[in-house]
Amino acid sequence: MRNNTSIESWARMLDQWRRGATEKYQAYFMVAPAMAMLLLVTAYPVCEAAWLSLHRFILVFHDWRFLGTQNYQFLLRDGRFWTALANTGYFTAAAVSLELALGLGFALALNESFRGRAAVRAAVLIPWAIPTVISAKAWAWFFDPAGPGGRLLWNPDASWLGTPGYAMKAAILVDVWKTTPFVALLLLAGLQAIPRDVYEAADVDGASRWRVFRSLTLPMLGPMIAVALLFRTLDAFRVFDAIYVLTEGGPANTTETVSIYAYKTLMRAGDFGYGSTLAIAIFLAAVGISLGYVKVLGRVLGAAR
Amino acid sequence: MKRVGIYFAAAAILGFCLAPLAWIFLHSLRSTDGSFSFANYASVFEQGAFARAILNSFLVAVGTTLCCIALGASAAFAVAKLEFVGRLAVLAVALVVSMFPPIATVSPLFLIIRGLGLRDTLGGLIFPYTVFALPLTLWVLSSFFREIPDELYSAARLDGCSPFQAFRKIFLPLAAPGLATTAILVFVFSWNEFLFALTFVSSPEKRTIPVAIALFATGQTEPWPEIFAASVVVTLPLVLVTLALQRKILSGLTAGSVTGF
Chain A
1 MRNNTSIESW ARMLDQWRRG ATEKYQAYFM VAPAMAMLLL VTAYPVCEAA WLSLHRFILV
61 FHDWRFLGTQ NYQFLLRDGR FWTALANTGY FTAAAVSLEL ALGLGFALAL NESFRGRAAV
121 RAAVLIPWAI PTVISAKAWA WFFDPAGPGG RLLWNPDASW LGTPGYAMKA AILVDVWKTT
181 PFVALLLLAG LQAIPRDVYE AADVDGASRW RVFRSLTLPM LGPMIAVALL FRTLDAFRVF
241 DAIYVLTEGG PANTTETVSI YAYKTLMRAG DFGYGSTLAI AIFLAAVGIS LGYVKVLGRV
301 LGAAR
Chain B
1001 MKRVGIYFAA AAILGFCLAP LAWIFLHSLR STDGSFSFAN YASVFEQGAF ARAILNSFLV
1061 AVGTTLCCIA LGASAAFAVA KLEFVGRLAV LAVALVVSMF PPIATVSPLF LIIRGLGLRD
1121 TLGGLIFPYT VFALPLTLWV LSSFFREIPD ELYSAARLDG CSPFQAFRKI FLPLAAPGLA
1181 TTAILVFVFS WNEFLFALTF VSSPEKRTIP VAIALFATGQ TEPWPEIFAA SVVVTLPLVL
1241 VTLALQRKIL SGLTAGSVTG F
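Protein sequence lines correspond, in order, to chains A and B.
Using the numbering used here, the letters of the first sequence correspond one by one to residues 1 to 305.
Using the numbering used here, the letters of the second sequence correspond one by one to residues 1001 to 1261.
Everything labelled a hint here was simulated from the structure, so no lab data went into it.
It is possible that part of the hints are untrue.
List time: in silico BS3-like cross-link candidates among lysine-lysine, alpha-carbon distance up to 27 Å [as the list claims (entries may be wrong)]:
1. A:Lys169 <-> A:Lys264
2. B:Lys1081 <-> B:Lys1248
3. B:Lys1248 <-> A:Lys264
4. B:Lys1169 <-> A:Lys24
5. B:Lys1206 <-> B:Lys1081
6. B:Lys1248 <-> A:Lys24
7. B:Lys1248 <-> B:Lys1169
Derived Cβ-Cβ restraints for the label pairs, each shown as a range [as the list claims (entries may be wrong)]:
8. B:Leu1066 <-> A:Ser113: 39 to 49 Å
9. A:Ala86 <-> B:Ser1203: 33 to 43 Å
10. A:Ser97 <-> B:Leu1066: 31 to 41 Å
11. B:Ser1203 <-> A:Arg209: 57 to 67 Å
12. A:Gly165 <-> B:Leu1174: 32 to 42 Å
13. A:Cys47 <-> B:Asp1150: 38 to 48 Å
14. B:Tyr1007 <-> A:Ala201: 47 to 57 Å
15. B:Arg1157 <-> A:Arg209: 44 to 54 Å
16. B:Gly1048 <-> A:Tyr199: 36 to 46 Å
17. B:Arg1157 <-> A:Phe74: 58 to 68 Å
18. B:Thr1221 <-> A:Thr83: 27 to 37 Å
19. B:Ser1203 <-> A:Ala101: 42 to 52 Å
20. B:Thr1221 <-> A:Ala86: 28 to 38 Å
21. B:Val1004 <-> A:Glu248: 38 to 48 Å
Ideal Cβ placement from N, Cα and C applies to all residues, glycine included.
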């Protein structure tokens, strides 16, 4: 009798173990194809790009020679790269902060109840759905020297896209139009996740609207703002489409971002060696931005708790 | 007073989002002599290259969507419902890939795609698109799978289903709304992608819409009325689909980022 139950419990344990094992094996089996693809097209290319970046490799001339770190030494002295990096930094900082400020305003307005709110919320999705190339083309027409907004209001001899310093502002506007809605929708989701009774308590206490916003809404929205910031910063940092269509980096390289410079080096000059060096530098910058954010975020979120 | 302020803000938001669209539409109807007609539309389609670009974009977007769902659905299910070591690592890898600057992979991918004989083919686009849209697929779908109660999974297992059968027979049909959401997001991503399309395809008859529109001009001057007509043709269906499915898109867009934290 006693013997019997122990056999039964052994059988049960074995069965459970087998189930656990099938679960695990099948889980790996289900995840494997997706993971393989992800690694094949990202991790492997980065390693390959790192290898290419140590070479002189001009595609059409079949010129292939090991250079060691020479490309990187050149990168450090390459003024065009540092200008492109500064342009990208300026574009990213200006675009992301404008998008965040405007997006927060949109989200606060859309969080109120008013007649026709559903329609406005739907309209907000439209800039997101329109291909960047198409909206950039429409803006390119607007800013065309012959177009309605082509000339500076205070100086009709200068055009927006042809004047250094102004062309980048036009590119920022294109990005702000395209992605403010995305930021607004993210923040709106964050606002809707704030429990209503928190506000009711504040109401009872007679707090002013500004005070409620400052000490309730903003802190509770903090994590969502952080997420939006991280996504938008990395996205703005790799900007390509809008600038390619508007100016291709001109005038005088004043709108050339790192992605545009790397693209030109790779595909126009066919220089896959130095182009890969630029690609690796961009990759490292993106990693740096992410790590920086994670660090700051960890501190902010830790303090909030 | 407050009411007035809200409607003012709403009007401002509407204007911000719709004004550029309105002017694209208006100018697509305007000829160079100032008269209004559909002549620009006719001349866009007379060239044939543009109709070809629409077909190419459609094929690439559908192909990418199918590949993403085929690869991503089972992985998203495993991440959401099965217990295994490295579950979080899968999501972490997806997150890292979604932050990847695509330009950093262009040079090796170009060589790989050329080596596979996929250069200048639509398949050469579906391949990288699938990977760059996979993170989105995983995040959105796994958040949908997570909403389905665990009891359903245990019940299926007790009835003798293997984990994979539970996925295929029970969870996949239940996650149909999630699949639709994912499909729309991936479709829009592929429809709009520009950098890879510009780099990996060179012959004009293989171009997708964004490349065709960016490189529309053949001479020195831009044929603006035709560009606008072409823009309306490819934007209008997208806008209509977005408006019709806005709830799904909204839930998908936010699921991807909300579940991240």
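Hints, verified against the model:
| no. | hint | result |
| --- | --- | --- |
| 1 | A:Lys169 <-> A:Lys264 | 22 Å, holds |
| 2 | B:Lys1081 <-> B:Lys1248 | 22 Å, holds |
| 3 | B:Lys1248 <-> A:Lys264 | 38 Å, violated |
| 4 | B:Lys1169 <-> A:Lys24 | 19 Å, holds |
| 5 | B:Lys1206 <-> B:Lys1081 | 41 Å, violated |
| 6 | B:Lys1248 <-> A:Lys24 | 32 Å, violated |
| 7 | B:Lys1248 <-> B:Lys1169 | 23 Å, holds |
| 8 | B:Leu1066 <-> A:Ser113: 39 to 49 Å | 40 Å, holds |
| 9 | A:Ala86 <-> B:Ser1203: 33 to 43 Å | 37 Å, holds |
| 10 | A:Ser97 <-> B:Leu1066: 31 to 41 Å | 39 Å, holds |
| 11 | B:Ser1203 <-> A:Arg209: 57 to 67 Å | 60 Å, holds |
| 12 | A:Gly165 <-> B:Leu1174: 32 to 42 Å | 56 Å, violated |
| 13 | A:Cys47 <-> B:Asp1150: 38 to 48 Å | 39 Å, holds |
| 14 | B:Tyr1007 <-> A:Ala201: 47 to 57 Å | 29 Å, violated |
| 15 | B:Arg1157 <-> A:Arg209: 44 to 54 Å | 53 Å, holds |
| 16 | B:Gly1048 <-> A:Tyr199: 36 to 46 Å | 59 Å, violated |
| 17 | B:Arg1157 <-> A:Phe74: 58 to 68 Å | 60 Å, holds |
| 18 | B:Thr1221 <-> A:Thr83: 27 to 37 Å | 30 Å, holds |
| 19 | B:Ser1203 <-> A:Ala101: 42 to 52 Å | 44 Å, holds |
| 20 | B:Thr1221 <-> A:Ala86: 28 to 38 Å | 33 Å, holds |
| 21 | B:Val1004 <-> A:Glu248: 38 to 48 Å | 45 Å, holds |
Taken one by one, the earlier hints fail for this structure at numbers 3, 5, 6, 12, 14 and 16, listed in ascending order.
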